[in-house]
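K.L.:
Once you've looked at the hints, dock chain A against the given chain Y.
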Amino acid sequence: MEYSKKIILVGQIGVGKTSLVQRYVKSIFNEDYLSTIGVKVDKKTVHVENDQVNLLIWDIAGEASFSKISKSYYLGAKGCIYVADCSRISTFTDYVNQVKMLKELIKDIKIITVANKIDLLDKQELEELKNNVSFDFYTSAKQGEKIEEVFHEIAKKVLCS
Amino acid sequence: MVNQDCKALIKKVVAPNLGLILKHYCLSFLSSFRSKKQQIAGKLDLDHFFVIDKQSGISIGGYSDFDKKVDQDLVAGMLTAIKSFSESAFNQNQSQSINTISYSNFNIFMHNSFEHFYLAAVINSSASKYTQKRLKHYFKHVSTHLNKALEGKTTEEIQKNEVEQMLSKYFK
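Chains as they are written, first to last, in the working numbering: chain Y, 1 to 161; chain A, 1 to 172.
By construction, these hints were calculated from the structure, which means they are not laboratory data.
Fair warning: this is a prediction, and the values are worked out from it, not measured in the lab.
Some hints here could point you the wrong way.
Derived DSS-like pairs: lysine-lysine, alpha-carbon spacing no greater than 25 Å straight-line [claimed, not checked]:
(1) Y:107 - A:54
(2) Y:156 - A:160
(3) Y:157 - A:160
(4) A:140 - Y:40
(5) Y:44 - A:160
(6) A:136 - Y:43
(7) A:69 - Y:44
Excised from the complex, chain Y in its bound form:
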């Protein structure tokens, strides 16, 4: 069977949402930082067992405050990837409130948490972070680490919903 599902990427400004999508969809990484304006839509097909899932990935521009982002971008989403930046602990702080707000808006939304930019930490720092913050995936868009796994997992989750 073939399915099309909308996935949203949320998180504070500069955490690497666009880099994650670019690495996953186009297998590229750009060192230059260009802030996303509004939203950018990309697509990638994932195979989960015998099913084909067309992931419509909405990369939503990060804002300092979650409430500033238009709710209409979230509507119709089946899955959400919440991204934080390992090198900026402040990007983890309002995670609980944001997830709560998303779940109020879309009851059955599946959420995956991703701590990006692990390439900026050494082994010890990464271990400390993992002890303090329990996220689903620790990734590096720059090095292409754990990116495929993140999107495959969200595809699996939305297929079950």
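P.N.:
Coordinates of chain A only, in the frame set by chain Y:
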């Protein structure tokens, strides 16, 4: 002198063939009228047509009259994102939202006809007032049929093939 020659020429050539000349002009007028009539009654010069879920921006079905197929999901998603962006940026509600986008030679017309879906048509030419009028007519008819066919169904329950077959009947 010239006047007399002309009169003589008319008397000699035109007068006996007046019937034929009139017939020729009448026929050419009729033929141009017929081709205009066929043009009016003929199919709309349409490149792509999409039925899109308003919230998720996922394509419910589409029709393409263009050799090079486009990725329906990607176009539908981006159109929905642009609509959402304009609605939030200018604090508009859906009824006031963007309904035309012009890009290079392409004109994209959007029509909010359903509670859950909207329609989008792509025309690769300058869209005259006449074309726009015809497009409105198509939007209205397609909406009526789709409303009946999709009533009470969610995006997941809709069969894409079913919608595409219906659209083909309209545009082929």
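K.L.:
Taking only the CA atoms, is the gap from residue 107 (chain Y) to residue 54 (chain A) under or equal to 25 Å?
P.N.:
It holds: about 18 Å lies between the C-alpha atoms, which stays within 25 Å.
K.L.:
Please verify whether residue 140 (chain A) and residue 40 (chain Y) have alpha carbons no more than 25 Å apart.
P.N.:
violated (31 Å)
K.L.:
Holds or violated: residue 44 (chain Y) and residue 160 (chain A), Cα atoms, limit 25 Å.
P.N.:
Satisfied, since the Cα-Cα distance of roughly 19 Å is no more than 25 Å.
K.L.:
Keeping to a limit of 25 Å between CA atoms, is the pair of residue 69 (chain A) and residue 44 (chain Y) held or broken?
P.N.:
holds (17 Å)
K.L.:
Given the hinted pair residue 156 (chain Y) and residue 160 (chain A), is their alpha-carbon gap at most 25 Å?
P.N.:
holds (22 Å)
K.L.:
Is the straight-line distance between the alpha-carbon of residue 157 (chain Y) and that of residue 160 (chain A) 25 Å or less?
P.N.:
holds (23 Å)
K.L.:
Run the distance test for residue 136 (chain A) versus residue 43 (chain Y): straight-line Cα separation, threshold 25 Å.
P.N.:
violated (31 Å)
Comparing the model with each numbered hint stated earlier shows that hints 4 and 6 do not hold.
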